[in-house]
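Here the sequence shown stands for residues 68 to 291, numbered as in the working numbering.
Please keep in mind that the hints were generated in silico from the structure rather than gathered at the bench.
Ideal placement from N, C-alpha and C gives every residue a C-beta, glycine not left out.
Misleading hints may appear alongside valid ones.
[As the list claims (entries may be wrong)] In silico lysine-lysine, DSS-like type, Cα no more than 27 Å apart, as pairs:
id: 1; residue 1: K265; residue 2: K284
id: 2; residue 1: K183; residue 2: K234
id: 3; residue 1: K183; residue 2: K155
id: 4; residue 1: K183; residue 2: K96
id: 5; residue 1: K224; residue 2: K155
id: 6; residue 1: K96; residue 2: K133
id: 7; residue 1: K236; residue 2: K278
id: 8; residue 1: K284; residue 2: K255
id: 9; residue 1: K236; residue 2: K255
id: 10; residue 1: K224; residue 2: K284
id: 11; residue 1: K133; residue 2: K284
id: 12; residue 1: K255; residue 2: K266
id: 13; residue 1: K183; residue 2: K95
id: 14; residue 1: K263; residue 2: K288
id: 15; residue 1: K133; residue 2: K103
id: 16; residue 1: K234; residue 2: K266
id: 17; residue 1: K255; residue 2: K278
id: 18; residue 1: K197; residue 2: K263
id: 19; residue 1: K278; residue 2: K265
id: 20; residue 1: K197; residue 2: K183
id: 21; residue 1: K183; residue 2: K224
id: 22; residue 1: K284; residue 2: K103
id: 23; residue 1: K236; residue 2: K288
id: 24; residue 1: K275; residue 2: K288
id: 25; residue 1: K275; residue 2: K234
id: 26; residue 1: K288; residue 2: K265
id: 27; residue 1: K288; residue 2: K266
id: 28; residue 1: K133; residue 2: K224
id: 29; residue 1: K103; residue 2: K183
id: 30; residue 1: K266; residue 2: K278
id: 31; residue 1: K183; residue 2: K236
id: 32; residue 1: K234; residue 2: K284
id: 33; residue 1: K133; residue 2: K236
id: 34; residue 1: K197; residue 2: K278
id: 35; residue 1: K266; residue 2: K236
id: 36; residue 1: K133; residue 2: K95
id: 37; residue 1: K103; residue 2: K224
[Said to hold, decoys possible] Estimated spans, in silico, between C-beta atoms of each pair:
id: 38; residue 1: D267; residue 2: E204; range: 19 to 25 Å
id: 39; residue 1: P185; residue 2: N258; range: 26 to 32 Å
id: 40; residue 1: S232; residue 2: K155; range: 43 to 49 Å
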Amino acid sequence: MEKEITPTQSQIILKKLGEMRSVPLVEKKEHLFLEKGESNFDTDRFFYFILSGKIKISQINFETSKEQILYLLGSGDMFDIATLLDGKSSEYLIEVLESSEVVAVPIEDVRELLSKEPSFQRFFFPYIAKQLRHMEELSVDLSLYDVYQRIIHLFVKYVDNSSNSPKLKVIENLTHEELASMVGSVRKVVNRALQKLKKDGIIDVSRKQIKLLDLQKLIDKLDY
68 MEKEITPTQS QIILKKLGEM RSVPLVEKKE HLFLEKGESN FDTDRFFYFI
118 LSGKIKISQI NFETSKEQIL YLLGSGDMFD IATLLDGKSS EYLIEVLESS
168 EVVAVPIEDV RELLSKEPSF QRFFFPYIAK QLRHMEELSV DLSLYDVYQR
218 IIHLFVKYVD NSSNSPKLKV IENLTHEELA SMVGSVRKVV NRALQKLKKD
268 GIIDVSRKQI KLLDLQKLID KLDY
(Lines of atoms letter the chains of each structure in order from A and count residues from 1; the text may use other names and numbers.)
(Lines give C-alpha, C1' and ligand atoms only; values in the text may rest on other atoms or scores of the structure.)
Protein backbone atom coordinates (compact mmCIF):
# COMPACT_ATOMS: atom_id res chain seq x y z
CA MET A 1 0.00 0.00 0.00
CA GLU A 2 1.48 3.36 -1.07
CA LYS A 3 1.43 6.14 1.44
CA GLU A 4 0.09 9.56 0.50
CA ILE A 5 2.74 11.94 -0.80
CA THR A 6 2.51 15.45 0.56
CA PRO A 7 3.70 18.09 -1.94
CA THR A 8 6.94 19.48 -0.53
CA GLN A 9 10.24 20.80 -1.82
CA SER A 10 11.34 17.20 -2.33
CA GLN A 11 8.67 16.76 -5.02
CA ILE A 12 10.47 19.17 -7.36
CA ILE A 13 12.22 16.20 -8.95
CA LEU A 14 8.96 14.46 -9.81
CA LYS A 15 7.54 17.71 -11.13
CA LYS A 16 10.56 18.25 -13.37
CA LEU A 17 10.45 14.69 -14.65
CA GLY A 18 6.75 14.98 -15.35
CA GLU A 19 7.27 18.15 -17.38
CA MET A 20 9.98 16.60 -19.60
CA ARG A 21 8.47 14.67 -22.49
CA SER A 22 11.55 13.79 -24.58
CA VAL A 23 11.18 10.19 -23.34
CA PRO A 24 8.19 8.52 -21.68
CA LEU A 25 9.57 8.79 -18.14
CA VAL A 26 6.19 9.02 -16.47
CA GLU A 27 5.25 5.55 -17.72
CA LYS A 28 8.63 3.90 -17.10
CA LYS A 29 9.63 5.21 -13.69
CA GLU A 30 9.28 3.05 -10.58
CA HIS A 31 8.21 4.59 -7.29
CA LEU A 32 9.95 2.75 -4.46
CA PHE A 33 9.56 2.81 -0.69
CA LEU A 34 12.68 1.39 0.94
CA GLU A 35 13.38 0.40 4.53
CA LYS A 36 16.51 0.78 6.62
CA GLY A 37 19.22 -1.69 5.68
CA GLU A 38 18.12 -2.28 2.09
CA SER A 39 20.99 -2.23 -0.39
CA ASN A 40 19.61 -3.81 -3.55
CA PHE A 41 20.20 -1.07 -6.14
CA ASP A 42 20.81 -1.84 -9.81
CA THR A 43 22.77 1.24 -10.87
CA ASP A 44 23.73 -0.36 -14.19
CA ARG A 45 20.09 -0.33 -15.27
CA PHE A 46 18.48 2.46 -13.24
CA PHE A 47 19.19 6.01 -12.16
CA TYR A 48 17.71 6.96 -8.79
CA PHE A 49 16.12 10.19 -7.57
CA ILE A 50 15.64 10.51 -3.80
CA LEU A 51 12.44 12.17 -2.62
CA SER A 52 12.87 11.55 1.10
CA GLY A 53 14.93 9.56 3.57
CA LYS A 54 18.65 8.96 3.89
CA ILE A 55 20.98 6.79 1.79
CA LYS A 56 24.74 6.40 2.14
CA ILE A 57 27.28 5.64 -0.55
CA SER A 58 30.57 4.32 0.76
CA GLN A 59 33.68 2.27 0.12
CA ILE A 60 35.00 -0.40 2.51
CA ASN A 61 38.44 -1.91 2.89
CA PHE A 62 37.40 -5.49 3.54
CA GLU A 63 40.80 -6.40 4.98
CA THR A 64 40.55 -3.78 7.73
CA SER A 65 36.73 -3.34 7.73
CA LYS A 66 37.30 0.41 7.61
CA GLU A 67 34.56 2.34 5.86
CA GLN A 68 34.70 5.76 4.21
CA ILE A 69 31.34 7.35 3.56
CA LEU A 70 31.62 9.28 0.30
CA TYR A 71 28.11 10.68 0.07
CA LEU A 72 25.24 10.95 2.51
CA LEU A 73 22.24 11.51 0.29
CA GLY A 74 18.79 12.81 1.13
CA SER A 75 15.82 14.59 -0.40
CA GLY A 76 16.71 16.13 -3.78
CA ASP A 77 19.79 13.96 -4.37
CA MET A 78 20.34 11.43 -7.17
CA PHE A 79 22.69 8.59 -8.06
CA ASP A 80 24.75 6.99 -9.63
CA ILE A 81 26.14 9.89 -11.64
CA ALA A 82 29.42 8.20 -12.60
CA THR A 83 27.66 5.20 -14.14
CA LEU A 84 25.19 7.49 -15.88
CA LEU A 85 27.98 9.46 -17.53
CA ASP A 86 30.61 6.83 -18.38
CA GLY A 87 28.60 3.61 -18.53
CA LYS A 88 30.95 1.79 -16.16
CA SER A 89 29.75 -0.15 -13.12
CA SER A 90 30.52 1.39 -9.75
CA GLU A 91 31.99 -0.51 -6.83
CA TYR A 92 30.33 1.71 -4.23
CA LEU A 93 28.29 0.20 -1.43
CA ILE A 94 24.82 1.74 -1.24
CA GLU A 95 22.68 1.35 1.88
CA VAL A 96 19.42 2.86 3.10
CA LEU A 97 19.95 4.44 6.54
CA GLU A 98 16.31 5.30 7.18
CA SER A 99 12.99 4.75 5.42
CA SER A 100 13.35 6.35 2.01
CA GLU A 101 11.18 7.23 -0.95
CA VAL A 102 12.96 6.88 -4.29
CA VAL A 103 12.12 7.14 -7.98
CA ALA A 104 14.02 4.73 -10.25
CA VAL A 105 14.21 5.60 -13.96
CA PRO A 106 15.82 3.41 -16.64
CA ILE A 107 19.33 4.78 -17.04
CA GLU A 108 19.14 4.85 -20.84
CA ASP A 109 16.11 7.11 -20.60
CA VAL A 110 17.99 9.49 -18.32
CA ARG A 111 20.94 9.53 -20.74
CA GLU A 112 18.55 10.40 -23.55
CA LEU A 113 16.94 13.05 -21.40
CA LEU A 114 20.34 14.52 -20.58
CA SER A 115 21.30 14.74 -24.25
CA LYS A 116 18.02 16.19 -25.52
CA GLU A 117 16.33 18.15 -22.77
CA PRO A 118 17.81 21.61 -21.94
CA SER A 119 15.61 22.00 -18.85
CA PHE A 120 17.01 18.77 -17.41
CA GLN A 121 20.56 19.87 -18.27
CA ARG A 122 20.01 23.10 -16.32
CA PHE A 123 18.81 21.01 -13.41
CA PHE A 124 21.53 18.33 -13.67
CA PHE A 125 24.81 20.14 -14.28
CA PRO A 126 24.69 22.37 -11.17
CA TYR A 127 24.07 19.21 -9.16
CA ILE A 128 27.20 17.61 -10.64
CA ALA A 129 29.16 20.73 -9.68
CA LYS A 130 27.86 20.45 -6.12
CA GLN A 131 28.97 16.82 -5.89
CA LEU A 132 32.41 17.63 -7.32
CA ARG A 133 32.84 20.38 -4.73
CA HIS A 134 31.83 17.91 -2.02
CA MET A 135 34.55 15.46 -3.08
CA GLU A 136 37.08 18.29 -3.28
CA GLU A 137 36.20 19.41 0.25
CA LEU A 138 36.41 15.83 1.53
CA SER A 139 39.85 15.40 -0.02
CA VAL A 140 41.09 18.66 1.51
CA ASP A 141 39.68 17.79 4.94
CA LEU A 142 41.26 14.33 4.97
CA SER A 143 44.61 15.69 3.81
CA LEU A 144 44.98 18.93 5.75
CA TYR A 145 42.89 18.91 8.94
CA ASP A 146 42.75 16.92 12.15
CA VAL A 147 39.64 15.02 13.18
CA TYR A 148 38.37 17.82 15.46
CA GLN A 149 38.38 20.28 12.56
CA ARG A 150 36.87 17.71 10.19
CA ILE A 151 33.94 17.28 12.57
CA ILE A 152 33.47 21.04 12.78
CA HIS A 153 33.55 21.36 8.98
CA LEU A 154 31.05 18.51 8.72
CA PHE A 155 28.64 20.13 11.17
CA VAL A 156 28.85 23.54 9.47
CA LYS A 157 28.13 21.90 6.12
CA TYR A 158 24.99 20.23 7.42
CA VAL A 159 23.47 23.15 9.33
CA ASP A 160 19.84 23.92 8.50
CA ASN A 161 19.31 27.68 8.70
CA SER A 162 15.72 27.66 7.48
CA SER A 163 14.31 28.52 10.93
CA ASN A 164 15.16 30.89 13.76
CA SER A 165 16.81 28.01 15.59
CA PRO A 166 19.57 26.53 13.39
CA LYS A 167 19.89 22.77 13.66
CA LEU A 168 21.81 19.91 12.12
CA LYS A 169 20.16 18.07 9.24
CA VAL A 170 20.85 14.63 7.73
CA ILE A 171 23.69 13.83 10.18
CA GLU A 172 21.93 14.67 13.45
CA ASN A 173 21.04 11.06 14.28
CA LEU A 174 24.07 9.23 12.90
CA THR A 175 26.00 6.96 15.23
CA HIS A 176 29.48 8.00 16.28
CA GLU A 177 30.83 5.18 14.13
CA GLU A 178 28.99 6.56 11.08
CA LEU A 179 30.31 10.05 11.79
CA ALA A 180 33.80 8.56 11.98
CA SER A 181 33.25 6.98 8.58
CA MET A 182 32.39 10.39 7.17
CA VAL A 183 35.57 12.06 8.43
CA GLY A 184 38.04 9.22 7.90
CA SER A 185 38.56 8.36 11.56
CA VAL A 186 37.45 5.92 14.26
CA ARG A 187 34.65 6.14 16.81
CA LYS A 188 36.92 6.72 19.82
CA VAL A 189 38.61 9.76 18.27
CA VAL A 190 35.32 11.21 17.05
CA ASN A 191 33.79 10.75 20.50
CA ARG A 192 36.60 12.87 22.00
CA ALA A 193 35.91 15.61 19.46
CA LEU A 194 32.18 15.54 20.23
CA GLN A 195 32.79 15.70 23.97
CA LYS A 196 35.03 18.74 23.48
CA LEU A 197 32.31 20.52 21.49
CA LYS A 198 29.80 19.55 24.16
CA LYS A 199 32.04 20.90 26.94
CA ASP A 200 32.28 24.21 25.05
CA GLY A 201 28.49 24.48 24.93
CA ILE A 202 28.30 24.12 21.14
CA ILE A 203 26.37 20.84 20.91
CA ASP A 204 24.44 18.48 23.12
CA VAL A 205 25.02 14.78 22.59
CA SER A 206 22.58 12.06 23.52
CA ARG A 207 22.60 8.41 22.56
CA LYS A 208 20.83 8.87 19.24
CA GLN A 209 20.85 12.62 18.64
CA ILE A 210 23.24 15.53 18.24
CA LYS A 211 21.65 18.90 18.92
CA LEU A 212 23.25 22.15 17.84
CA LEU A 213 23.19 24.70 20.67
CA ASP A 214 25.30 27.59 19.40
CA LEU A 215 25.96 28.03 15.69
CA GLN A 216 28.14 31.10 16.09
CA LYS A 217 30.47 29.31 18.51
CA LEU A 218 30.71 26.45 16.04
CA ILE A 219 31.64 28.81 13.20
CA ASP A 220 34.19 30.54 15.44
CA LYS A 221 35.94 27.19 15.88
CA LEU A 222 36.54 26.84 12.15
CA ASP A 223 40.20 26.74 11.18
CA TYR A 224 40.58 27.55 7.51
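Index of numbered hints that the structure contradicts, given in increasing order: The structure conflicts with hints 2, 5, 6, 11, 18, 21, 22, 29, 31, 36 and 39, although it agrees with all the remaining ones.
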